[in-house]
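Novice: We have chain Z already, so just place chain X on it with the hints.
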Amino acid sequence: NAGVTQTPKFQVLKTGQSMTLQCAQDMNHEYMSWYRQDPGMGLRLIHYSVGAGITDQGEVPNGYNVSRSTTEDFPLRLLSAAPSQTSVYFCASRNRGSSYNSPLHFGNGTRLTVT
Amino acid sequence: SQQGEEDPQALSIQEGENATMNCSYKTSINNLQWYRQNSGRGLVHLILIRSNEREKHSGRLRVTLDTSKKSSSLLITASRAADTASYFCATDPGNSGNTPLVFGKGTRLSVIA
Chain Z
1 NAGVTQTPKF QVLKTGQSMT LQCAQDMNHE YMSWYRQDPG MGLRLIHYSV
51 GAGITDQGEV PNGYNVSRST TEDFPLRLLS AAPSQTSVYF CASRNRGSSY
101 NSPLHFGNGT RLTVT
Chain X
1 SQQGEEDPQA LSIQEGENAT MNCSYKTSIN NLQWYRQNSG RGLVHLILIR
51 SNEREKHSGR LRVTLDTSKK SSSLLITASR AADTASYFCA TDPGNSGNTP
101 LVFGKGTRLS VIA
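So the sequence lines, in the order shown, correspond to chains Z and X.
Heads up: the first sequence at position 89 corresponds to 89 in the numbering used here, and the numbers run straight through without jumps.
Heads up: the second sequence at position 91 corresponds to 91 in the numbering used here, and the numbers run straight through without jumps.
Bound-form chain Z, shown alone (with noise of 0.2 Å):
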């Protein structure tokens, strides 16, 4: 199993430039979710999935959209970058059920710097 795969590693984008932050897991997890890292600020939700068709909004969503049409991929859009979205987006994602035997698995991360 590959886990979390998140791609691109690393992004550069120019002010009101768009782009999609892929991540897909190999594990039929039905649980996905988005974080940004920011340097104090810890981990903070930007959106999350509990199974295809099924989106919902964390504590940052505005600027970043999401979609989920297959339980593999959960896509993360950046409409218009601006200069506060630069940061570290982490992809993770974790089976239903009990979630006392299903820990969050996360991708690597893909750093993104706004210009």
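Take these hints with a grain of salt, some might be off.
Okay, the calculated beta carbon distance ranges per label pair [to be verified]:
no.	chain 1	residue 1	chain 2	residue 2	range
1	X	Leu61	Z	Asn28	26 to 36 Å
2	X	Arg60	Z	Thr86	34 to 44 Å
3	Z	Asn65	X	Lys69	18 to 28 Å
4	X	Glu53	Z	Thr86	20 to 30 Å
5	X	Asn52	Z	Thr113	42 to 52 Å
6	X	Pro8	Z	Gln57	25 to 35 Å
7	X	Thr20	Z	Pro39	22 to 32 Å
8	X	Ser39	Z	Thr115	21 to 31 Å
It is worth saying that the hints were derived from the structure and are not from the lab.
Glycine included, each C-beta is placed from N, C-alpha and C at the ideal position.
Specialist: What follows is chain X alone, placed relative to chain Z:
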């Protein structure tokens, strides 16, 4: 908003010493989890403690939970240079696996050889 707050923000110890990190949270939880992050990598799950448990061990890790004080601690015994990383607590309010985990800001641990 952050649910868990780790303390201290940074910790530097000598190899062989014990490292203790604390986490406080605000609302009721179903379980609390600890994660580790090596530089430039994603987080890795270390240990989970349920709300009805008080202490849990895994190898050199010992986690305690005090729900009356809304706090948890992570103890790493006999630390090694390879333990150098950031450590995060995460609270889980639900028991279905459908609820988002809420992470604290982390403790940066440096273990000096």
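Novice: Hint by hint, note whether the structure agrees.
Specialist: Structure-based check of all given hints:
no., hint, verdict
1, Leu61/X x Asn28/Z: 26 to 36 Å, "holds (28 Å)"
2, Arg60/X x Thr86/Z: 34 to 44 Å, "holds (36 Å)"
3, Asn65/Z x Lys69/X: 18 to 28 Å, "violated (40 Å)"
4, Glu53/X x Thr86/Z: 20 to 30 Å, "violated (40 Å)"
5, Asn52/X x Thr113/Z: 42 to 52 Å, "holds (45 Å)"
6, Pro8/X x Gln57/Z: 25 to 35 Å, "holds (32 Å)"
7, Thr20/X x Pro39/Z: 22 to 32 Å, "holds (24 Å)"
8, Ser39/X x Thr115/Z: 21 to 31 Å, "holds (24 Å)"
Violated hints for the displayed structure, listed by number in ascending order: 3, 4.
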